[in-house]
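Asker: Okay, here's what each chain looks like letter by letter:
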Amino acid sequence: MLDKIIGIISALLLLFSLEKLDAFQVQRDNMLELPVGAEIAQTFIAGHNNLSMIKIMDTFNPKYSPLGREVKNDLVFHLKTYNENDPFGGEDLATLVVNGSNVGNHSILQFKFDAVEGSANKKFIFYIENIGEQGLDSGIVTSESIAIGFAEKSNYEAGELIYRHPDERLSDDRGDLAFTSFYSVYPHEFVMGTVKDFSAKFWQDKLFLTFYISGIIGLAYLFRRLGESNNDY
Amino acid sequence: MIEFIKHKLIKVFTRLNIRQVILLGLLVRFIIIPITGHWDLTSLNIVASTLIKESFLSKNIYSYDIAIYPPFTYWLLGLWQIIIKPFVEQDFYTWLEQPTLYSFYNPHVFRYFFLLKIPHLVFDVGILILLLRFFTKEAEKKVAAVFWALNPVVLYATFAWGAVDVIPTFFLLLAAYLIKKNKAWIALAMLGIGGGFKLFPLMFIVPAAVISFKSWNRRILGTTVGLLPFIMGIAYYLDHQGFITYVLGSDRSNMIYHMSFYIGFQEYMYLFFVFYTILLFWIKDKDNGKLGKFWQYVLIILMFMFVTSAFTPQWAVWAMPFLIIAFVKNESLHRQYSWLFVGYILIILTFNQHLSLGLLSPIEPAFLEIPAFDALVGRFTQEPVKIWGLFRSFFTGTVVWFSYNWWRSKHA
Numbered sequence: 063m064l065d066k067i068i069g070i071i072s073a074l075l076l077l078f079s080l081e082k083l084d085a086f087q088v089q090r091d092n093m094l095e096l097p098v099g100a101e102i103a104q105t106f107i108a109g110h111n112n113l114s115m116i117k118i119m120d121t122f123n124p125k126y127s128p129l130g131r132e133v134k135n136d137l138v139f140h141l142k143t144y145n146e147n148d149p150f151g152g153e154d155l156a157t158l159v160v161n162g163s164n165v166g167n168h169s170i171l172q173f174k175f176d177a178v179e180g181s182a183n184k185k186f187i188f189y190i191e192n193i194g195e196q197g198l199d200s201g202i203v204t205s206e207s208i209a210i211g212f213a214e215k216s217n218y219e220a221g222e223l224i225y226r227h228p229d230e231r232l233s234d235d236r237g238d239l240a241f242t243s244f245y246s247v248y249p250h251e252f253v254m255g256t257v258k259d260f261s262a263k264f265w266q267d268k269l270f271l272t273f274y275i276s277g278i279i280g281l282a283y284l285f286r287r288l289g290e291s292n293n294d295y
Numbered sequence: 005m006i007e008f009i010k011h012k013l014i015k016v017f018t019r020l021n022i023r024q025v026i027l028l029g030l031l032v033r034f035i036i037i038p039i040t041g042h043w044d045l046t047s048l049n050i051v052a053s054t055l056i057k058e059s060f061l062s063k064n065i066y067s068y069d070i071a072i073y074p075p076f077t078y079w080l081l082g083l084w085q086i087i088i089k090p091f092v093e094q095d096f097y098t099w100l101e102q103p104t105l106y107s108f109y110n111p112h113v114f115r116y117f118f119l120l121k122i123p124h125l126v127f128d129v130g131i132l133i134l135l136l137r138f139f140t141k142e143a144e145k146k147v148a149a150v151f152w153a154l155n156p157v158v159l160y161a162t163f164a165w166g167a168v169d170v171i172p173t174f175f176l177l178l179a180a181y182l183i184k185k186n187k188a189w190i191a192l193a194m195l196g197i198g199g200g201f202k203l204f205p206l207m208f209i210v211p212a213a214v215i216s217f218k219s220w221n222r223r224i225l226g227t228t229v230g231l232l233p234f235i236m237g238i239a240y241y242l243d244h245q246g247f248i249t250y251v252l253g254s255d256r257s258n259m260i261y262h263m264s265f266y267i268g269f270q271e272y273m274y275l276f277f278v279f280y281t282i283l284l285f286w287i288k289d290k291d292n293g294k295l296g297k298f299w300q301y302v303l304i305i306l307m308f309m310f311v312t313s314a315f316t317p318q319w320a321v322w323a324m325p326f327l328i329i330a331f332v333k334n335e336s337l338h339r340q341y342s343w344l345f346v347g348y349i350l351i352i353l354t355f356n357q358h359l360s361l362g363l364l365s366p367i368e369p370a371f372l373e374i375p376a377f378d379a380l381v382g383r384f385t386q387e388p389v390k391i392w393g394l395f396r397s398f399f400t401g402t403v404v405w406f407s408y409n410w411w412r413s414k415h416a
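Protein chains in written order, with the numbering used here: chain A, 63 to 295; chain B, 5 to 416.
Keep in mind that the hints were calculated from the coordinates and are not lab data. Here the structure is a predicted model, which is why all the values come from computation and not from measurement. There could be a bad hint or two in this list.
Pairs of lysine-lysine residues, derived as DSS-like cross-links and limited to a Cα-Cα distance of at most 27 Å, are as follows [as the list claims (entries may be wrong)]: (1) B:414 / B:184; (2) A:185 / A:174; (3) B:10 / B:218; (4) B:218 / B:145; (5) B:10 / A:215; (6) A:117 / A:258; (7) B:89 / A:263; (8) B:187 / B:288; (9) B:89 / A:268; (10) B:390 / B:145; (11) B:218 / A:125.
Using C-beta positions, here's what the derived DEER-type ranges look like [to be verified]: (12) B:242 / A:254: 54 to 62 Å; (13) B:220 / A:125: 29 to 37 Å; (14) B:333 / A:164: 50 to 58 Å; (15) A:257 / B:387: 51 to 59 Å; (16) A:283 / B:109: 28 to 36 Å; (17) A:257 / B:380: 42 to 50 Å; (18) A:215 / B:277: 50 to 58 Å; (19) B:274 / A:265: 49 to 57 Å; (20) A:275 / B:109: 18 to 26 Å; (21) B:415 / A:168: 31 to 39 Å; (22) B:103 / A:261: 46 to 54 Å; (23) B:63 / A:265: 38 to 46 Å; (24) A:219 / B:380: 46 to 54 Å.
Glycine included, every Cβ here is placed at the ideal spot set by N, Cα and C.
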């Protein structure tokens, strides 16, 4: 009976997957505009297989500011393998489109795609481009570009931010985009991985671990002793 | 089902003595405290760290838009940061200010969350000790101890989330206890001190003065004594725009104005204050001098506040000691508590994963990525706020039904 229950639970668990955090850089102290024709890219190294999601951690949408206009252009997200000689010329792994009007303000932009098998320890590039027409249909000059949060100082050593603009050459290192990447795991892998990571992290702080375990044992011992003495309050 | 669980629990807890119950509560807290966390707690401590980095007289705490509490909260946390200094590593302040994801990956994350929640534990134990003093029978004390020590709302809001609401709640309960003991002047001062941590205890100063004193002169003097500690605490910051905007003018502070009727000429009638005024007259005419009843009025006001504002889950801690007193004193209400709890769970579901599974992020930051109920609802409807409104309405129904049954049990 127990075998059957475990079997059914395992089968159910295999039906869906969960995302675990992989490479990330979430510091941000400035915003980078994404006008028509421009591309904002970030290179990174995946730590695990089955890379499955990228999140841009901070966006600005001008439609939420007082004089801002609605951005109706499509923003196209690309994930590619990284090519040393031509950063944007690698193998295309995922292309997703989001309309600018759906981008929030100071919110997260999420791109989920089919898991990339064998992604562990490989370098990738993701970038967003703004396609469509530029133009002002009123006399008010306002920003009409989505902007993305980034850190001016490079915090993420395994990759870099690349800003490509029609009027500018490929820029030098400008820090890093605020991003997180994820890999997908089955629930049982998630549970096992969590237990493993948690115990490893707990071991890192041996001083606290000693205090914590002693505290729990001490309280449990006192609890038992008080039960034996059975003296009420 | 409820009866079955109730009998099982009674069977287990009748074997324990009160000291064991308290120890069990401590053990559960000890386990929860380091492995759970939320940036509300780190934000509070970032603000408080300004007092350490600059000076205890620095007004710059209110330069942060996240500084939404009166100054006593930051003074206490700042003082606590000085005390724990020998127990933290050099990366402590960097950890506080890091983006949340980085802070969850810090090797000392468990130690830091543990240390930062110790002040909560002190006031939590204080509430338990005070609660026991509301009862004379040993059996009643034990039930109260069980329901505070293992209270899921307290464990969730205070020790997993790290909300500081337990501190002003302690002062509110202390005031109710002191009034019961005919020490109204000190009680009023305690309400003022509680208001220095979070504003809500100030609501009870006038009812406390009205129930405690017969003459209007004394009531006015009592109200002044109650407000004095609060005013003395905030006076120094009154010329700081941040304090005016973020504390006195915050959305949270003004939530009780939201349930209102438009009465013309740009004016509104606020339902909470209509009820509050009627209750003051009721206390004056019906229950003046009945000091043992003050805790009941605290509960009534809080209940009305909960049904007239979109409160956040940690506010439930304010009412918890008083709900426990009512629970122990009225056996017929036990079933109503289950429904109140169901309503409360629905309120928690209206918040994102940061306030549910995300609280376990120190263990595994990926818990922040598991979609909570709010995200799932958002996939099926364009207007999730309507669903949240339904949940709030259900909770309101449970509160009204509880209040009706409570009233009936007292007049049966």
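Asker: Honestly, do residue 219 (chain A) and residue 380 (chain B) meet the 46 to 54 Å range at C-beta?
Answerer: About 37 Å separates the Cβ atoms of residue 219 (chain A) and residue 380 (chain B), which means 46 to 54 Å is violated.
Asker: Given the hint that residue 218 (chain B) pairs with residue 125 (chain A), test it: the Cα-Cα distance must not exceed 27 Å.
Answerer: Status violated; Cα separation ~59 Å.
Asker: Check the hint pairing residue 218 (chain B) with residue 145 (chain B) against an upper bound of 27 Å on the C-alpha distance.
Answerer: Violated: residue 218 (chain B) and residue 145 (chain B) sit about 33 Å apart, past 27 Å.
Asker: Does the hinted range 29 to 37 Å hold for residue 220 (chain B) and residue 125 (chain A) at CB?
Answerer: The hinted range 29 to 37 Å is violated for residue 220 (chain B) and residue 125 (chain A), with Cβ atoms some 56 Å apart.
Asker: Could you grab the alpha-carbon distance between residue 390 (chain B) and residue 145 (chain B) and see if it respects the 27 Å cut-off?
Answerer: 42 Å, violated
Asker: Does residue 218 (chain B) sit within 27 Å of residue 10 (chain B), going by the straight-line distance between their CA atoms?
Answerer: 44 Å, violated
Asker: Is it true that the CA of residue 10 (chain B) sits at most 27 Å from the CA of residue 215 (chain A)?
Answerer: 59 Å, violated
Asker: Holds or violated: residue 117 (chain A) with residue 258 (chain A), Cα cutoff 27 Å?
Answerer: Since the Cα atoms of residue 117 (chain A) and residue 258 (chain A) sit roughly 25 Å apart, the hinted pair holds (cutoff 27 Å).
Asker: Lying within 28 to 36 Å: is that true of the beta-carbon distance residue 283 (chain A) to residue 109 (chain B)?
Answerer: 34 Å, holds
Asker: If you check the beta carbons of residue 274 (chain B) and residue 265 (chain A), does the distance land in 49 to 57 Å?
Answerer: At 55 Å between Cβs, range holds.
Asker: Hint check: residue 89 (chain B) vs residue 263 (chain A), CA-CA at most 27 Å. Holds or violated?
Answerer: 22 Å, holds
Asker: Within 27 Å, alpha carbon to alpha carbon, are residue 89 (chain B) and residue 268 (chain A)?
Answerer: 18 Å, holds
The structure fails hints 3, 4, 5, 10, 11, 13, 15, 17, 21, 22, 24 (numbered hints given earlier, in ascending order).
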